[in-house]
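Asker: Below, each chain spelled out in residue letters.
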Amino acid sequence: MQRCEEIPVIWLQASTCSGCSVSVLNSVNPAISSLLLDEVLPGKHINLRFQATVMAGAGEPVLEVLKAAEKELDGQYVLVVEGCIPTADNGKFGTIGEIPIVERVASLGKAAQAVIALGTCASFGGIFSAQPNPSGGKGVGELFNAKEIDTPLVNVPGCPPHPDWFVGTVATILLAGLAGLDLDEYRRPKSFYGKLIHENCPRRACFDEGKFAKHLSDEGCLYELGCKGTITHADCSLRRWNNGTNWVIGSGAPCNGCVEPDFPDLVSPFYEKIPEEVLFAVEEEATQ
Amino acid sequence: MSTIVIDPITRIEGHLKIEAVVDNGVVKETKSTGTLFRGIELILQGRDPRDAPRITQRICGVCPTSHATASTLAMDRAFGIAEKIPRNGRILRNLILGSNFIQSHILHFYHLAALDYVDVTAAAEYDGSDPSMQSAKRFLERGELEPFVPRYEGDYRLSPELNRVATSHYLQAFAARRKAHELLSVFGGKMPHSVGIVPGGAAQIPTVDTITAFLWRLNDLRGFIDNVYLADVKAIAGCYSDYTEIGAGCGQLLAYGGFPAQSGQFLESGTTSTDLSSTPLDPAQITESVRHSWYVASEDPLHPAVGRTEPNLDKEGAYSWLKSPRYNGQVHEVGPLARMAVNYARGNEVIKPLVDSALSELNAPPSALFSVMGRHLARALECKAVADAMADWVLKLSPGEPVYAPYEIPGEGSGAGLTEAPRGALGHWVKLSSGKIGHYQCVVPTTWNASPKDSQGTPGPIEQAITGTRIRDEQNPFEIVRIVRSFDPCLACAVHLIRPRGKTIGRFRVT
Numbered sequence: 001m002q003r004c005e006e007i008p009v010i011w012l013q014a015s016t017c018s019g020c021s022v023s024v025l026n027s028v029n030p031a032i033s034s035l036l037l038d039e040v041l042p043g044k045h046i047n048l049r050f051q052a053t054v055m056a057g058a059g060e061p062v063l064e065v066l067k068a069a070e071k072e073l074d075g076q077y078v079l080v081v082e083g084c085i086p087t088a089d090n091g092k093f094g095t096i097g098e099i100p101i102v103e104r105v106a107s108l109g110k111a112a113q114a115v116i117a118l119g120t121c122a123s124f125g126g127i128f129s130a131q132p133n134p135s136g137g138k139g140v141g142e143l144f145n146a147k148e149i150d151t152p153l154v155n156v157p158g159c160p161p162h163p164d165w166f167v168g169t170v171a172t173i174l175l176a177g178l179a180g181l182d183l184d185e186y187r188r189p190k191s192f193y194g195k196l197i198h199e200n201c202p203r204r205a206c207f208d209e210g211k212f213a214k215h216l217s218d219e220g221c222l223y224e225l226g227c228k229g230t231i232t233h234a235d236c237s238l239r240r241w242n243n244g245t246n247w248v249i250g251s252g253a254p255c256n257g258c259v260e261p262d263f264p265d266l267v268s269p270f271y272e273k274i275p276e277e278v279l280f281a282v283e284e285e286a287t288q
Numbered sequence: 289m290s291t292i293v294i295d296p297i298t299r300i301e302g303h304l305k306i307e308a309v310v311d312n313g314v315v316k317e318t319k320s321t322g323t324l325f326r327g328i329e330l331i332l333q334g335r336d337p338r339d340a341p342r343i344t345q346r347i348c349g350v351c352p353t354s355h356a357t358a359s360t361l362a363m364d365r366a367f368g369i370a371e372k373i374p375r376n377g378r379i380l381r382n383l384i385l386g387s388n389f390i391q392s393h394i395l396h397f398y399h400l401a402a403l404d405y406v407d408v409t410a411a412a413e414y415d416g417s418d419p420s421m422q423s424a425k426r427f428l429e430r431g432e433l434e435p436f437v438p439r440y441e442g443d444y445r446l447s448p449e450l451n452r453v454a455t456s457h458y459l460q461a462f463a464a465r466r467k468a469h470e471l472l473s474v475f476g477g478k479m480p481h482s483v484g485i486v487p488g489g490a491a492q493i494p495t496v497d498t499i500t501a502f503l504w505r506l507n508d509l510r511g512f513i514d515n516v517y518l519a520d521v522k523a524i525a526g527c528y529s530d531y532t533e534i535g536a537g538c539g540q541l542l543a544y545g546g547f548p549a550q551s552g553q554f555l556e557s558g559t560t561s562t563d564l565s566s567t568p569l570d571p572a573q574i575t576e577s578v579r580h581s582w583y584v585a586s587e588d589p590l591h592p593a594v595g596r597t598e599p600n601l602d603k604e605g606a607y608s609w610l611k612s613p614r615y616n617g618q619v620h621e622v623g624p625l626a627r628m629a630v631n632y633a634r635g636n637e638v639i640k641p642l643v644d645s646a647l648s649e650l651n652a653p654p655s656a657l658f659s660v661m662g663r664h665l666a667r668a669l670e671c672k673a674v675a676d677a678m679a680d681w682v683l684k685l686s687p688g689e690p691v692y693a694p695y696e697i698p699g700e701g702s703g704a705g706l707t708e709a710p711r712g713a714l715g716h717w718v719k720l721s722s723g724k725i726g727h728y729q730c731v732v733p734t735t736w737n738a739s740p741k742d743s744q745g746t747p748g749p750i751e752q753a754i755t756g757t758r759i760r761d762e763q764n765p766f767e768i769v770r771i772v773r774s775f776d777p778c779l780a781c782a783v784h785l786i787r788p789r790g791k792t793i794g795r796f797r798v799t
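Which chain is which? The protein sequence lines are A and B, in order. Numbering-wise (this note's numbering), the first sequence opens with residue 1 and increments by one. Numbering-wise (this note's numbering), the second sequence opens with residue 289 and increments by one.
Hints may contain errors.
[Stated by the list, open to error] Covered by chain B, according to a simulated footprint, are these stretches of chain A (three or more residues, beta-carbon under 8 Å):
| # | region |
| --- | --- |
| 1 | 5-19 |
| 2 | 41-49 |
| 3 | 270-276 |
Hints were generated in silico from the structure; no laboratory data involved. Just so you know, even glycine gets a beta-carbon here, dropped at the ideal spot from N, CA and C.
The shape of chain B in the complex, shown without the other chains (with noise of 0.2 Å):
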């Protein structure tokens, strides 16, 4: 019996500790522990509501638009807007989540997985053309090969040609995701930390040029996305194929939906399974437990509205500051599988024929979808799904139109907000208080899938992903960190607030 400790685990968004106890090499149990708090909902309280969006940003650099998101839903309906938003600022807010949603696939697939999979010494020997290979071929060269060093060592299976065609594409991605930000700026002002998306609709009034700079930044991303970046999944998946088979996690997962249409959101809510069955989501069986997090626990599990955060660092058997948020009481993943998955078992007429048709390119069942791989491949179909909608999007502005539309804060009031950023389903609660924010709660992907133990004393996803898994060689544990970052964690988001020792400092109330 042996314990992998990870820690950091790099290449994620945020401070991530794993722990993997081993035994006759297959894992026997995992704990997956977030290690940082930083306290932005109590930062929150007191404020303007309208600064919400704004500061909530700031909880992930890399998906700061989902928060925005987030937020403006649950002010639009704590102020009782949410029926009056202009068409144009429905699309506008839109097109602003979308850019970031192709910029956080194509740098996690590239940025923060590929290297788990591509040997990009093979550039070494490289002798074409491509200033960008030749450039990383001088780098080797001259010796200093941080940061690409050190790193796991064994487990490299492309052949050197096919090593060289992804070193050439990961240099490549770096534009590409660049020019997604480039993308969101045009409606979007600057990004990180855009500001486009505001409580009452967007602020930025498009015109023929803008959507013509929107259309034509958007088309030539969709061109990397349809001939890069699909490709190079699928090829890894080929040379990997053991890896649609490892890293099955939970078998149940959820979705809240997002991209609001005229009626309905083009992603759709819900919740399957690993039997592909779909069933409607209903955001009253959200709970969260603290059982086995650094939190005094009364009663537990609590829905988000009602949810009690008191720390107690003493508390045996606890060893996260994440806390465990349960669907029904069950443990649940979120993130492009699991809404790849619930939009296919609803028969989504967008989603549906695009995974089957991967599917069949792979020679895989939809089980295979369950698996490290399969997550790689519904981000990457669900990349192409939204870039292309946004094609049609961006085509239904009306130019000159209104975008907003003006509005007094009430002093009581409160709302809900519910989206999905890159990672999966992300909510946000509030309550106002005489005009300002009384009560503020986020409940985040990475919590979903990074939870430790609820108060069944059922393991979180990542944590029943690993668990079980065959772990090849202990000092260059490949598995794990493919395994995690198959989820694209982001625990940046996932912390609750808490105080020191013995304080408390959270104990809200929404009815």
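In isolation and in its complexed conformation, chain A is listed as follows (with noise of 0.2 Å):
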């Protein structure tokens, strides 16, 4: 029998609602349980050593796991962090087993061989970091250039992120490396981030036919009722959510740009038609 590699993940939560957890538990292929159980690609299972939301232990012994990746594992597992890092009055706003999340992620980050910042939270800041950002949060980006930590850093975001955008980002790095990943300016995959929702929206053909919707559930496009699909890049439109089963303009609710850089602040309110000079910024960095 061929030898098994195990790579060790260390998934840790930081100022999050568990939603991107609650999202990779979708995956549809490989499902969940195959991905915690199986050779998720032949020779190669990951060994899950924490995350929270789904390991049996409790307390000090899984402290211990934290403790021992890092002075045991060095350079060698893979750091999923979801969240953002509340960093005001020291980090005193967010800690887990009495330290600081802040502390945790620059040390478990220094020691990784790579870390993926999982969903929004994480890969800029996110909803908890919006303004007035009470807690002072911060992306994994933000504090390791604050804390010139070199580990290399993909941003896999979303609020919360498609499981198949997680799931074939850790495939890549399995197979080939970071360097097997084709990265944005923000550090985004561009296989899932390359291309606008509206490039692919099944409204399309309404948007430049001038049909705009009046009304949440009426037909046509949802440009004028606060749509930001022509600004935010993902393939929702074309993997659609949930097995497939539907996607936010599918149950004719205007997207959210849930995966940008500046989600929630830049691409709200919600419901309202992005304003001009949002979008001239957009076009203006798009033809550089």
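Starting from two chains that each stand alone, build the complex the way the hints lay out.
Answerer: See the structure below:
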């Protein structure tokens, strides 16, 4: 029998709603039970050492797992961070095992072989870093810059991220390392975040014809009801959600741009048309 | 005398620490501490009120739909359109909320609670043909057993055969809860963080094919609930029968009720106690104390609509970010047990026979409900009751008919949205100011259940449930984690807004 390589993964929940964890539980192919138990790729098994939502243990024994990872697995494990990092007042607003989360992310991040910032909070700050950002929330990249941590980092944003975006990113890292990922300027894999929602939206024809919905549940393009699909980079319109059952625009609601670095402040009010200055800023960025 | 500190408590939503002082093997005092603050209520200030149902869903990725519901109900009232929601819209909201009750209850029993009772290593001896159990066996043979170790050791009581059955159901349940999210997204768009529940009604007009798609996904789940989930809860309750007495809690229970019907609600509101007498709910009796929380207490306690949230990290005697909600000045438990007990006490025609039949099958008196196993049983029974009711509701949708009533946002207005989350009573209070959010306050289920002592020094429900419990092995305090998890805590919801030492950020008043 071929020897199976165990890839240690530490998954730390910072300032989060756990929605990213729950979304990954929704993975279909592979199913979450296969991600936990099976070789996700031939000869490679994800050894999920720490994940507070699913792990059996609690308290001191599981804190030992974190200590052991830093000491014994230096440069070997993949760190997944979910949630933004509360940094105000020396990180007192979030602790795990009586140690500030900001310290845990920094020390575990330093010793990891690679870091996946899962979800918009971990990638860019997200909802809990929205103005006035009462907890001083930061994304992992911003924290790493401030602390001069140079561990390779990939952002897999989304509020929550689609399970395929996470699984596909992990599979690429297992096959080819982080070098196998083609990232955009926000360190997002282009394979998932390379195109605008608008480019493949089923309501695109309505936009082109100028047929716009006036109220929710109307037919027509949702642009005037606040849809941010014209400035949002994700493949939801093709991939759809929850085993392909439906997606946001499919259920008659405007996209709220949840994969973008300025979610939610720049893309809200969610039900108001994108202000021209935002549109121009995005277009300018795109042509640069 | 020794102190057991469990931090983090895993397999819950959010960040929780429990400290238990043990004397001669018995817990003398318990402290429940929320260890994370985020500040969502402050973030809402000044925003477009229509954004609140989307933003408040991000309070909790396990029960976002309940926050969408509470927030939307508050907006309907503040906008003056609560009576104008089309029938289709009301039914769709209930179907979306109900789908997540199913998802959350299955997730809780199998993936958050079961590993306290089930020894998955029994799969090593599996010799059957179920592919997922063969995967589990190969996993055990490879020998890297995380995330199933480390764990507390010793008190796993199921037979090897029952352990294998339960392990295979643990794996099956991953697919069942995923399907419940697929069910939700038929009308809710996506999950977590759905988009279908909006002020004015719902966003998607039902068609015959979406109704059928919903019904058959639902029927698939009803098969799982009836034949697997309920059977497993009863089997585990049988093997851990002492847990029908452990973790009784405060004995007073509160439900806001939920799932609005044409008149009244499918799950009714009220309060009850261990004598199962019933009292109608009076929302004016809800107060919050901050005596033992890291907030300044000038007047204490206060109704949430006039609540103050002024942090004081140096406060003597304070030990949690959670406030202490109380009803009529008394500590109350919320959640599936509270809902089933309140509806049982009111003689609800769906709930009462369901509870009676389960108790008679287990040969247990109604008092057994007030326990760790009683909470698991109540959750499973509620899951069945809601799923069965949804099968009726979905057929009452009118294909192609309106789901949404257009409206104008008024400059001023206020509203309360009271509903139920899978974990218990959930309330949002909003006040508009110049068409924007002027004040927003959430009082969430785990703030009730995991609250610290109040102004009278009375401990919260989880604290009371743990205190007095005999701990058999202090190195492996199964009793404590089993009690805590029976409440299905969601700490992400529970913490109020605060800000760095000494600065006031929340001082709001609603009239």
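Asker: Does each hint fit the structure? Answer for all of them.
Answerer: Hint-by-hint comparison with the structure:
no.	hint	result
1	5-19	holds (count 7)
2	41-49	holds (count 4)
3	270-276	holds (count 3)
In summary, the structure agrees with every hint in the numbered list given earlier.
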